Each structure stands twice: as structure tokens, then as C-alpha cells.
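Residue numbers (our numbering), protein chains in the order written: chain A, 1 to 150; chain B, 1 to 686.
No wet-lab data here; the hints were simulated from the structure.
Treat the hints with care, as some may be off.
[What the hints assert, rightly or not] To give a feel for the contact side, a few chain A residues facing chain B, derived at Cβ under 8 Å: (1) T16; (2) V22; (3) Y37; (4) F38; (5) R57; (6) I67; (7) Q69; (8) G72; (9) L74; (10) T96; (11) T98; (12) K102; (13) D107.
Every value quoted in this text rests on a predicted model; they were computed, and no experiment measured them.
Beta carbons are placed, not taken as given, at the ideal position from N, Cα and C, and that holds for glycine.
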Amino acid sequence: MSSAKIKILLSVFVITGASAYVVGDTLFAENAEHLTYFHNADVVLAQPEAMTGKRIRMGGHVEKGSIFQKKGTLEYQFDVRPVLAMVTHQDVAEKTLTVRYKGTVPDTFKEDAEVIVGGALGADGVFEAKELIAKCPSKYEAAKKEAGTY
Amino acid sequence: MASFGYTLLLIAVVVTAYTISMAVVGHHTRRPRLVVSAEFGVYALFGLLTSATFVLVYLFVTNDYSVKYVQHYSDRSMPLFYKVTALWGGQDGSLLFWVWVMSVWSAIAVVQNRDRNREIMPYTIVAMSVVCAYFLGLLVFICNPFETYLATAPTDGRGLNPLLQNPYMVSHPPTLYLGYIGWTIPFCFAIGALAHGKLDYAWIASMRRWCLVAWVCLSVGLALGGLWAYEELGWGGYWAWDPVENAALIPWFTGTAFIHSIQVQERRQMYKAWNMVLIILTFMLTLWGTMMTRSGIVQSVHAFAQSSIGEYFLIFISVVFVVSFGLLYVRRSQLAPENSLESVVSREFAFLANNWVLLAAAFFVTFATMFPSIFKWVKGEQINVGPSFFNIWMIPIGLILLFLTGVGPLLSWRKSTGATIREQFTIPGILAALTFGIFWFALGIEHPAAVITFALSVFVTSTILQEFYRGTRYRMKNAQEGPIDAFVTLLNRASRRYGGYIVHFGVVLMFVGFAGNAFKLEKEASVTRGHSVSIGRFDVRLDDLVFEDDGQKNMVTAKVSVFELGADQSKATPIATLEPAKWAYRKPEDQVTTEVAKLMSLRDDLYLVLGGYDAEVGTAALQLKVNPLVNIVWLGCAFLMFGLTIAIWPARQRATQPSPLRRLWPSIAGSGALLIGLMATVLAFI
Numbered sequence: 001m002s003s004a005k006i007k008i009l010l011s012v013f014v015i016t017g018a019s020a021y022v023v024g025d026t027l028f029a030e031n032a033e034h035l036t037y038f039h040n041a042d043v044v045l046a047q048p049e050a051m052t053g054k055r056i057r058m059g060g061h062v063e064k065g066s067i068f069q070k071k072g073t074l075e076y077q078f079d080v081r082p083v084l085a086m087v088t089h090q091d092v093a094e095k096t097l098t099v100r101y102k103g104t105v106p107d108t109f110k111e112d113a114e115v116i117v118g119g120a121l122g123a124d125g126v127f128e129a130k131e132l133i134a135k136c137p138s139k140y141e142a143a144k145k146e147a148g149t150y
Numbered sequence: 001m002a003s004f005g006y007t008l009l010l011i012a013v014v015v016t017a018y019t020i021s022m023a024v025v026g027h028h029t030r031r032p033r034l035v036v037s038a039e040f041g042v043y044a045l046f047g048l049l050t051s052a053t054f055v056l057v058y059l060f061v062t063n064d065y066s067v068k069y070v071q072h073y074s075d076r077s078m079p080l081f082y083k084v085t086a087l088w089g090g091q092d093g094s095l096l097f098w099v100w101v102m103s104v105w106s107a108i109a110v111v112q113n114r115d116r117n118r119e120i121m122p123y124t125i126v127a128m129s130v131v132c133a134y135f136l137g138l139l140v141f142i143c144n145p146f147e148t149y150l151a152t153a154p155t156d157g158r159g160l161n162p163l164l165q166n167p168y169m170v171s172h173p174p175t176l177y178l179g180y181i182g183w184t185i186p187f188c189f190a191i192g193a194l195a196h197g198k199l200d201y202a203w204i205a206s207m208r209r210w211c212l213v214a215w216v217c218l219s220v221g222l223a224l225g226g227l228w229a230y231e232e233l234g235w236g237g238y239w240a241w242d243p244v245e246n247a248a249l250i251p252w253f254t255g256t257a258f259i260h261s262i263q264v265q266e267r268r269q270m271y272k273a274w275n276m277v278l279i280i281l282t283f284m285l286t287l288w289g290t291m292m293t294r295s296g297i298v299q300s301v302h303a304f305a306q307s308s309i310g311e312y313f314l315i316f317i318s319v320v321f322v323v324s325f326g327l328l329y330v331r332r333s334q335l336a337p338e339n340s341l342e343s344v345v346s347r348e349f350a351f352l353a354n355n356w357v358l359l360a361a362a363f364f365v366t367f368a369t370m371f372p373s374i375f376k377w378v379k380g381e382q383i384n385v386g387p388s389f390f391n392i393w394m395i396p397i398g399l400i401l402l403f404l405t406g407v408g409p410l411l412s413w414r415k416s417t418g419a420t421i422r423e424q425f426t427i428p429g430i431l432a433a434l435t436f437g438i439f440w441f442a443l444g445i446e447h448p449a450a451v452i453t454f455a456l457s458v459f460v461t462s463t464i465l466q467e468f469y470r471g472t473r474y475r476m477k478n479a480q481e482g483p484i485d486a487f488v489t490l491l492n493r494a495s496r497r498y499g500g501y502i503v504h505f506g507v508v509l510m511f512v513g514f515a516g517n518a519f520k521l522e523k524e525a526s527v528t529r530g531h532s533v534s535i536g537r538f539d540v541r542l543d544d545l546v547f548e549d550d551g552q553k554n555m556v557t558a559k560v561s562v563f564e565l566g567a568d569q570s571k572a573t574p575i576a577t578l579e580p581a582k583w584a585y586r587k588p589e590d591q592v593t594t595e596v597a598k599l600m601s602l603r604d605d606l607y608l609v610l611g612g613y614d615a616e617v618g619t620a621a622l623q624l625k626v627n628p629l630v631n632i633v634w635l636g637c638a639f640l641m642f643g644l645t646i647a648i649w650p651a652r653q654r655a656t657q658p659s660p661l662r663r664l665w666p667s668i669a670g671s672g673a674l675l676i677g678l679m680a681t682v683l684a685f686i
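Next comes chain A alone, as it looks inside the complex:
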């Protein structure tokens, strides 16, 4: 085998090895700090005991009329209901879960907006959120993406 071929083979080997390492490392490091499991709100509603205290992200819609901000503070409380299209536990599809959050909210956070809250379910059955991300019900995000993508 010529030295050029050996070099190529070696390169291919190193590249595949490195790629496999990255893939494996990220895919199978179970409790890695940077991975957060994502659940629709119905999963949390259906098995509160199993979920309590676990760091997760939860998706849902903000229930109409449930947003409450303590005046002059950044403390919010609101209810979320499961995103219908993703529901797997039909029995709790109509229920809501209360979320507490402290911090600034995105401009897209409002009634009916689809939100993702990151945090953990507390022992009192209220989801304590450390982060709040809101998808936009209107077309702004879509428009931004479209405008910025090509």
C-alpha cells in the first residue's frame, strides 16, 4: 500500500473515530448535565409522584385568564394545559398544571401561547420554573425564521 493510501485510511479512521466518540458521548451519557428531558404537560399531570423533583422541560399552552403577575415584581403564576396534538395520556388532556416563575418573560408570552418551562415539579404540585420560553401564536417567529433562513 502506498503511503498516500495509508494517510487517507488513517485520516478516515481518525475522522470516523472522533465522530463516533462525539456521537456516543452525547447520546449515551445518561445523566449528562446538558440534556434535559422534554415532556408534554399531560405526562407530568398523569404521574406527578414520578416527576416530582426531576429537572425537566415541560410544554403546554397558557390557559386563558390564568396569568397572574405579582404587581411590581417579576413573579408570575399561570396554568398550562397539554398541547393537544402531543397528548398521550387522554384522561388528563383537559387538566391544567400551575406554574410559578420568577424573571422576565419573553414578549411572546401571553394567553394561549405555547410555552416551554424548564424546572421541576415541587412537592406541592406546582411546577417551579427557572426558565420560560414562549413560542409565538402569531406569525412573528415564523416570519423571522423565514426571513433569516435562506
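Based on these hints, arrange chain B on the given structure of chain A.
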């Protein structure tokens, strides 16, 4: 009028078909006149698409709400400026804009090459036309921007979201497009060269400036997107590793690799096949990025514009892949290197390392962006990944790149001797070690990544300064010039090299800015009128809460005074007043916008967000952030543009040039204007 626009698109399809057939037939029957006819086809396409684009703009400006696209993305109350730019506000229009820019750039490329690269032009034109035809096909069959309402048309439009009515949002998409589409042209030349088999450096030489322009457009486009997020979204950051951002970053990596490794081909006739791979990958990744954000295959915390065009992109990418790599395989023997790597301590090896690291970055970001989808597929559970996931790998990758930025340009071609290495790296090495020592031990800053970044920044900066110093000294001695003349002649004579150094310096500045993230401060506080809260070296006092209404929106403004605390945290000197606000628009849909207030300096930004308020008590809920060094990032971007302008400025003949300073002034004026423009946009928001 709308049907006229659609007709123009249909004619454009016919014209591209004509262009393709003329180019193919002309090439194979050796009839140059047919090829010239194909070139006229490219010009015709440019004319047709320019007209079609103007028709759509005209429909926007004349408030023709019978056209669905116009109705979706504008309304009567919008200023004319935003009506025009709503052209790329949505998918259909942005596709039209895409193919229009493509036709403009194709026409320019064809004009430029009317007397050169003749052999490869036929298939280059074919490649350009095929790309145009694909996008035209999407426009004509799937997302027609000229589609009208069949029933009665609405009398007003839905309006463009206020968050998008922002100068950054106007400049960001077109700059990115110019970058994306800019890479398409060199790709087409690569295909032309592969198809014809004339695989020397000639086409790359004539495409070098294109690539650099495409590269700077993509870079500036990314920076503008970051500025928009920083100014408008109110979360205090400029980069979140969102799939949409990544989609533009991934081709930037491979493009950066390409503009470096073509220099090896130029000097040493190596890496020929590799360069082909890089340019093909760059083009494929621009398509891939587009598809990734469109098709819904990647879950994002952001709502994506889901549409059916994803699968068409997949088909097109597959075609591009098969054709490009098929051609590459057929021509592999002609792409064999004429020299071999003589030493790992050589510039060609440094460039190879740079390429590998950049490619690793492209691979990792692609993988991490796709990761939630892969995970769901493998394990059946849904996960989210955040910035920390990306940073695990991207911080080391970035640091290696920064190191190579300093090392690569100073190594000699073929092989560096021990003496050269000592001569080049002694001073920078000592300075870097000193910096590391000062930050780590003396100042006790325990952020390894940040301290290494600072040390490497000093290293790279000192290599650059050393190069400028030595070059100037050499000229002063040899040409008997004064220091200023010598310096300017240096920039002028070796504009590529020294422009490149300035670009590198810009990159260093950006890294310094990124490292500032390690020292962020953040605080939330409820402040009552007359009281204050402190963060870092700042003390922020709420003076008043003001409520106003201008008919279009409700505005709540917190008037605050900012004081700088003395070293002992006691003596406070007033330095500024700021007005963070919250606006509630009546239309569309009670949209709220957060108006961020910032106190900017090179040292840091004090970033204030009004999160809530209590009108009765006079309390404001403020989020306070101190973002150290963030403005260095934007400054770095300005240097990048300046250096690039110097690097691509055409070198003119010596005889026609009276004074070196005069020769350089257009380039200085050009980048000055760019800089002022950028600054003005920034200043407009303070």
C-alpha cells in the same frame, strides 16, 4: 398586476430551459455562438426576475391586498420602508428574493468572465441555471408569491409584527442571502471546471474575491442577527445556538475552511480535490440549513415555518450530492496533488489543521442541531439541548482555531526551521504566558476558558503586530521611506496578506468579546420610586415611572439614573440616565415589546429590562445585567469588514499610482463608510 408577475416567472422558467440547452449544445458541438446565446439567457433571466421582484414590491407599496402574500405581511399603517422590505418577510417572497439575487450574481459573474475561463463557462452557466430553475420551480408550483384571493379580497393586511420592524431585521436577511447565494457562484464554477476537466487554479483565482465577499456577507449577516436578538428580544444575549442561527453558521465554517485551503492550492498545487469537496459541501450545507429550518425535522423551541418544501430540498440536495461527487470521482486522477506534505511544521499543514478543526465544528454543530431528532429516533424520548450542550465542544474547538490563527500565517511554506520558529514565536509566546500568569495567578480569575482566550488573544495580536512592525521596518530600510509611507505601501503592496491580518485581528477581538460572557452579572429587583439597586460597579436608582399613550401603543417607561460606585462601594458618581420601557401595541393582537435600555462602553454594557410595574405604589420590576466586553464583538466585526476591504481591493499598476497614501484612500473611505453606517445603526438604538 399579480398575474403579470406570475407570467414573468413562467417566462423565466422557459428562459432557463433555453439557457441550459444552448450551453450544453454549444459546448458539445463547439459552437461558441450558442454559448454566447446562453449567456444572453442569463442576462434575460436577470431582467425577468428583476421585473418580477419589482412587481411584488409595487403590489406591497400600492396596498394590493388581493394578493395573499401582501395581505399576510403588511398593512396600510406601515411605513413605506417596511412595506418594501416586507418583500422578504415571509417564505414565498424570500424565495423570490433568493432567486433574484442569484440571477443578479450570475449575470455579474457571466459579464466578468466574458473573456476568461471560456472553456468552463458553458457548464458553469448550466449549473447556475439549474439552481435558478430549482428555485423557480418552487415559486411557480408550490409557493407562488403572486397568489391572489379567489373570493373578495380583504381591505387591509394583517401587518408585520413590530419586532420585525427594526433596521437590523431589514439588513440582516439580505446580508445573509448575499452570503448564502454568494457561495453558490463559486460552486457553479467548480462544477463547470469539473465537467470540462480544466482543473487548474485559474477558476479559483478568478473566484477568490467572490468567495471573500460571500464570506464577509455571511459573517456580517450573522453578526446583524446577533445584534437584533441583543437589541430587540431582551434576554441579554446575542447567540443561543438556535437551529436557525446554526443553519447559517454551519456553511460559514466550511466556507472559512475553503478560503484558507485554496491558498495552499495556489502556492503548492496541493489539496485540489479537498478544495472541491469544501466548496461542494458549503453549497450543500446552505441548502441543508434551509431545509433543516423549514421541514420540521428539527424540533426547536422556536416555532418554525413548517411547510412542505422540505422534501423538495432533500431531493435537490441528493441530486447535488450525486452529481458533484460523481464528477469529482470521474476527475479524481486530474486532481492529484503535485507536491506532498514535507513537514508538519509548515503552513500547508497548519491550514490543513485549520480545515479539520473547522470541519469538526461544522460536523458537531450539525450533529448537535439534529441531536434531539436523533435521540427521539433512537430512544423514543424527547429531549432539549441548550447552549451548554454546544459549548462543551465549541469552546475547545474555538480555542484551537484561535491558536491556529496566530500560528498558521507565521509558519513558512514547505518546512519551518527551528530558527524561524524561534524568531517568530519567542516574543508572542512569552507575552501569552505572561498574560496567562497575570490573569490566572495575580488576578485570580478562575475561568480557564476565558483566561486561555485572553492569553491566546495576546499571542495572536502580538504575532500580527510583529508582522506589521517587521514589514514596515523592512520597507523603511530597503525603500528609504518614512514610517507612514512604508506602512501604507505595505498595506497596498501585500494587501491580501495584511488585510488578512486585520481580519484575524477582528476575529481575535470577537473572541475576547465571547470570553466576556464568563463574567456576566445578572440580577432581578423590584425598586420603588426613589430607591436604588446595585449591580457590579453600577448603582441604579428609579426616578420615576411614566405612563403614556400615543394612539398606536401604550407606553410604560421607567426613568432611572445610573451611578458608578467607587472602589469602596460608597462614593457614587452619576454617569447616565436610562429609560427601559414596555410598549403594548393595539395592533397586531396586543403585541407587547420590551424596549431595552443600555449603557454602552467598551468595558461592558449595563442592560436594563423593565419586566413589570405597580402603578399605585410606583414600583418597577427590573432585570439588570452587566455584559462585559460585549461591544468588543461588534468592534471585531468592524475590523473584519475593514480588513476584508483591504484584502480584496484591486491592486493597481505601480506607474499609474502617484502616492501610496492616495492609492489606499478608496479602500479607507469604503470601509470608513461601512463602519460609520454600522455605528449609526447602533447609535440609533441607544
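Outcome of the hint check:
For the restraint placing T16 of chain A at the interface with chain B, the shortest Cβ-Cβ distance is roughly 11 Å, beyond the 8 Å limit, so the hint is violated. The criterion of a C-beta within 8 Å of any C-beta in chain B is met by V22 of chain A, whose closest approach is roughly 6 Å, and the hint holds. The criterion of a C-beta within 8 Å of any C-beta in chain B is met by Y37 of chain A, whose closest approach is roughly 5 Å, and the hint holds. Here the hint on F38 of chain A is kept, as its CB sits about 4 Å from the closest CB of chain B, short of 8 Å.
A cut of 8 Å between beta carbons decides the hint on R57 of chain A: the least distance to chain B is about 5 Å, and the hint holds. Residue-level restraint check for I67 of chain A is violated (minimum Cβ-Cβ distance to chain B is 12 Å; threshold 8 Å). Interface hint at Q69 of chain A: satisfied, since its Cβ lies 5 Å from the closest Cβ of chain B, which is below the 8 Å cut-off. The closest approach between the C-beta of G72 of chain A and any C-beta of chain B is roughly 3 Å, which is under the 8 Å cut-off, so the hint is satisfied.
Satisfaction of the interface hint for L74 of chain A is found here, the shortest Cβ-Cβ separation to chain B being roughly 5 Å, below the 8 Å cut-off. Because the smallest distance between the Cβ of T96 of chain A and any Cβ of chain B comes to about 21 Å, over 8 Å, the interface hint for this residue is violated. Because the smallest distance between the Cβ of T98 of chain A and any Cβ of chain B comes to about 19 Å, over 8 Å, the interface hint for this residue is violated. Taken as an interface hint, K102 of chain A checks out: its beta carbon lies about 7 Å from the nearest beta carbon of chain B, inside 8 Å.
Here the hint on D107 of chain A is kept, as its CB sits about 5 Å from the closest CB of chain B, short of 8 Å.
Violation of the numbered hints given earlier is confined to hints 1, 6, 10 and 11; the remaining hints are satisfied by the structure.
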